[in-house]
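Engineer: Sequence:
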Amino acid sequence: MATITETQKDELKEKAEKIDRDMETKADEIDRRLNGK
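Under UniProt numbering, the first residue of the sequence shown is numbered 1, with each subsequent residue one higher.
Do not rely on the hints blindly, as some may be mistaken.
[What the hints assert, rightly or not] Keeping only pairs whose Cα atoms sit at most 30 Å apart, straight-line, the calculated DSS-like set for lysine-lysine is:
hint, residue 1, residue 2
1, 26, 13
2, 9, 26
3, 15, 26
Hints listed in this document are in silico derivations from the structure and should not be mistaken for laboratory results.
Please build the complete structure, drawing on both the sequences and the hints.
Structural biologist: Encoded structure:
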């Protein structure tokens, strides 16, 4: 089993948070498109 360093843990957390933000942005975009018609 590979050990994860604190640095790697922080990097993964940052990546996950960025993905969450990107998905929220995309969802907002889709909402605007659907409601904008």
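Engineer: Are the hints correct? Go through all of them and say.
Structural biologist: Now for the hints, and whether the structure bears them out:
Our distance criterion of 30 Å between C-alpha atoms is met by residue 26 and residue 13, whose separation comes to about 20 Å. Annotation: proposed proximity of residue 9 to residue 26 holds, straight-line Cα distance about 26 Å (limit 30 Å). Taken as a hint, the residue 15 and residue 26 pair is honoured in the structure, with Cα atoms around 16 Å apart against an allowance of 30 Å.
In this structure, every one of the numbered hints holds.
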